[in-house]
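The listed protein sequences correspond, in order, to chains A, B, C and D.
Residue numbers 0 to 245, in numbering that gives the first Met the number 0, belong to the letters of the first sequence in order.
Residue numbers 0 to 245, in numbering that gives the first Met the number 0, belong to the letters of the second sequence in order.
Residue numbers 0 to 245, in numbering that gives the first Met the number 0, belong to the letters of the third sequence in order.
Residue numbers 0 to 245, in numbering that gives the first Met the number 0, belong to the letters of the fourth sequence in order.
If you are wondering where the hints come from, they were derived from the structure by calculation, not from laboratory data.
It should be emphasised that the depicted structure is a prediction, and the values quoted were computed from it without experimental measurement.
One or more hints might be untrue.
Identical copies look the same in the list; a pair holds intra-copy or inter-copy alike.
Stated by the list, open to error - Straight-line alpha carbon distances no greater than 30 Å define the calculated BS3-like cross-link-like pairs of lysine-lysine that follow:
| hint | residue 1 | residue 2 |
| --- | --- | --- |
| 1 | Lys14 | Lys68 |
| 2 | Lys15 | Lys172 |
| 3 | Lys140 | Lys91 |
| 4 | Lys68 | Lys178 |
| 5 | Lys91 | Lys14 |
| 6 | Lys41 | Lys172 |
| 7 | Lys2 | Lys218 |
| 8 | Lys124 | Lys41 |
| 9 | Lys124 | Lys140 |
| 10 | Lys140 | Lys23 |
There are 4 protein chains.
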Amino acid sequence: MFKEGDWALIRYREKKYLRKLMPKDSLSVRREVLKFSEVIGKPEGVRIGNFEVFRPTLEDTIVLGFERKTQIIYPKDAFYIAFKLGAGRSSKILEFGTGSGALCAVLSRLAGEVHTYEVVEEFHKLAQRNMRRFGLGENVKFYLGDFLEAQVEEGSFDAAFVDVREPVPYLDKLHTSLKNGAPVGFLLPTTNQVVDLLRGLEGRFGGVEVVEIMLRNYKTVPERFRPEDTMVGHTAYLVFARKLTP
Amino acid sequence: MFKEGDWALIRYREKKYLRKLMPKDSLSVRREVLKFSEVIGKPEGVRIGNFEVFRPTLEDTIVLGFERKTQIIYPKDAFYIAFKLGAGRSSKILEFGTGSGALCAVLSRLAGEVHTYEVVEEFHKLAQRNMRRFGLGENVKFYLGDFLEAQVEEGSFDAAFVDVREPVPYLDKLHTSLKNGAPVGFLLPTTNQVVDLLRGLEGRFGGVEVVEIMLRNYKTVPERFRPEDTMVGHTAYLVFARKLTP
Amino acid sequence: MFKEGDWALIRYREKKYLRKLMPKDSLSVRREVLKFSEVIGKPEGVRIGNFEVFRPTLEDTIVLGFERKTQIIYPKDAFYIAFKLGAGRSSKILEFGTGSGALCAVLSRLAGEVHTYEVVEEFHKLAQRNMRRFGLGENVKFYLGDFLEAQVEEGSFDAAFVDVREPVPYLDKLHTSLKNGAPVGFLLPTTNQVVDLLRGLEGRFGGVEVVEIMLRNYKTVPERFRPEDTMVGHTAYLVFARKLTP
Amino acid sequence: MFKEGDWALIRYREKKYLRKLMPKDSLSVRREVLKFSEVIGKPEGVRIGNFEVFRPTLEDTIVLGFERKTQIIYPKDAFYIAFKLGAGRSSKILEFGTGSGALCAVLSRLAGEVHTYEVVEEFHKLAQRNMRRFGLGENVKFYLGDFLEAQVEEGSFDAAFVDVREPVPYLDKLHTSLKNGAPVGFLLPTTNQVVDLLRGLEGRFGGVEVVEIMLRNYKTVPERFRPEDTMVGHTAYLVFARKLTP
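Let's have the full structure, built from the sequences with the hints guiding it.
Laid out in structure tokens, this is it:
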């Protein structure tokens, strides 16, 4: 049952909205109005007119609910990264930078503990606000500051994810912070960045892989099944590697 | 440290092998030999000649270690499905059919409990063998038999994943087995199957999405950064929907 | 040298414009103005401020200059189709429907003769206007009417291209109009249409192929080489076949 | 009608063969034999058993008939390049290097004249042999030698296509050989090469575009319409630009 103050994913045909169910509020799409007072007390999956109302998944929350001041990591990439890092309930994972917290939210669902560093105070606060607002990230520790200057015990992380413009200067510190053989992932928008990173990894990190994930959405009309007219053409290259022991 | 009997992911340049570290065994690639007795007692991430030895991730285990008698669900698809179903540590997830257990292994890492049904006894046993062999699936209940005939309480699952050739006959039972608003995913190789399913979903399931995930691997030589010459052209269409309340 | 009345492709960074060079006209982009009087008399490839001025290619003309009332066939598809039909200077090619004339313009550059049929008078006129305006299509014969009712000699075409919503009713007449073994192409946006066509082709047409062409644009900044953020996700499936002799 | 000595494209379900129809020869696929003596005198498009026999298109000839000692340019790329260069019946086009002659054959079908340079004598001869064998390339002039040392009049080409590993050293000579505003295309397999070229083009060439064309083949069984399992993952990046006047 939906209660007052719950977050709801509201669908109107192809459109999606994330709204907090306050009794006096409503949503209006193409002249049709959904009063939230009519949703409260109803079961999830309820249809009212052309509206369908669901409990938001983690993906809905991140895509529709997270405030962003930087480019967000897309779910297609985040989901792949989280598993690719081998995360499990006993994993302690390092992340920098935090950004808006999208990947952090995904990692924290799979891992035991996430330690995330962000150098820009505005983002550091934003990520925490995004998490708290939706009851996420209980197992996340947020640090303000550059990971290069962080106090980190040697070999204390099971995996790491790096989302900074120039990762090469961080590789030494990253290497010592990780357990032997630990997986690490990087997200980089340009080929030039990938080339620089591949050079930097040599000797210290092995098992290198570079992948790109393309997601193609289809229209859902059974009589005219076909892909959507436009798609995301690029988000980033994903680079994965594993710490080699010295 | 690697111990006798541990599973190891062994890389030799682009090649990957999954091997159990028994002291008398070895791996030979292009005339270079890795004696496992030399690996035992060494830290993860150790390099010996051109070999690099790591602890396998869940992906390594599934792709290289799972015996398969049916087409396996690719990690690119499995990772996306698991998160798209909104799985979390308190989720109880339904799956049919089990197949080789690849998706089941991924779901079980994210969810609280997975109940999986398989009608072919050979696959039912294979999936359990695959899991046990690698210490996976402690939170999985394996059922032999057609889900259509299963004893399932109404509204008892938080999400479901369906991998059968003709899902439409299962939709009624699926609908009653799910909680209101619960997410459900389907994996279907052909457009004809998707069209049939889209028709079947109408009225009972909402929030329908169809996606396709394409993974592109890149060569990792920094001086010649470019995609691999060949790629997987198609695995399956992924259909997602949510239970509408009657 | 550009003369008064010439068509010009004008580029301003990423943006493209097709304009007729009339001495009193000008183009203004982001507060920078290009007076056409300054372009007339200058050589092609001239730079004036941030503007670059070229003679338009066939692609520029179609994409930027053709007025369209239907979905245009994209160059990526048109170029592939034209060659796939095996067109050469002695080929006599059949096309229906004409639409805005985009594919017709491409075919006519490669083939000896193109006969194109269009049932909607508005499009029939539009295609001719588009061609004439840019001095194209001298070897094209435009017919108003449904190809089903056309007076066509048996075995008179070397190849054909079909762009109608439901091609199956046309297959008999198409078959008799083509020379033995002649290639034929179809453009269809949905998978349902492709499935219907594949069924219709059986027995009368062989060598069937279905392809889809995806074009990915890249940003051209050398320091940040990467794909564009968005891309066209789908235009159409292309079906090719060849007439089997009875 | 097929005559003795004609080239034939023979299809056996998904498989394709290019064969010269000599009366004593035959083709055997999966224990089924096609005697060429039975094909000679028959019309194109004839079916004999599971074999279908057609006149080869330019694409069939290049893909199946051209002997190659270098990586061939794929039709998906060649068709796009030819039109993108704006080639028409009055165009005089420059190409280097010739390679196996695949792109040259495509260009020569669209253009008035093609002048092609190749520094490796073996390829220079191979391309000519490939063309002559199939009656192609009457409007092509083959030059042996490095284009850098060629005697070429200033401003004598309407367009150019460059397929060499390091195009930058050729840009000066290329620039002077082209007419003002002329289009030029480059084919480069790696991102590093593209980055170098983009830097080299600056100032002398404008209207720069970089694209990648992905071709996806589909299975043609109407009951199970779906993409092929594997596809070509990468051939090359295509770079297009136009000569700026000094």
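_Intra/inter-copy verdict for Lys124 and Lys41 if alpha-carbon distance must be at most 30 Å_ = neither (35 Å within a copy, 42 Å between copies)
*Is the C-alpha distance from Lys140 to Lys91 at most 30 Å within one copy, between copies, in both cases, or in neither?*
Both. Shortest intra-copy (11 Å) and inter-copy (28 Å) distances satisfy the 30 Å Cα cut-off.
*If the cutoff is 30 Å on CA atoms, where do Lys140 and Lys23 land: within, between, both or neither? Let me know, please.*
Neither. Shortest intra-copy (36 Å) and inter-copy (45 Å) distances fail the 30 Å Cα cut-off.
*Give the relationship of Lys2 and Lys218 under a CA distance limit of 30 Å: within one copy only, between copies only, both, or neither.*
Answer is neither: 33 Å inside a copy and 48 Å across each miss the 30 Å cutoff.
_Within, between, both or neither, where Lys124 and Lys140 count as close if Cα-Cα is 30 Å or less_ = Within. Shortest intra-copy distance 12 Å satisfies the 30 Å Cα cut-off; inter-copy 42 Å does not.
*Checking Lys41 and Lys172: alpha-carbon separation at most 30 Å within a copy, between copies, both or neither?*
between (52 Å within a copy, 23 Å between copies)
*Could you place Lys14 and Lys68 in one of the four classes (within, between, both, neither) given a Cα distance threshold of 30 Å?*
Answer is both: 23 Å inside a copy and 27 Å across each meet the 30 Å cutoff.
*Checking Lys68 and Lys178: alpha-carbon separation at most 30 Å within a copy, between copies, both or neither?*
neither (32 Å within a copy, 36 Å between copies)
*Given identical chains, is Lys15 near Lys172, meaning Cα to Cα at most 30 Å, within a copy, between copies, both, or neither?*
between (42 Å within a copy, 28 Å between copies)
*Within, between, both or neither: Lys91, Lys14 at alpha-carbon 30 Å*: between (37 Å within a copy, 28 Å between copies)
In summary, the structure is inconsistent with hints 4, 7, 8 and 10 from the numbered list given earlier, while agreeing with the others.
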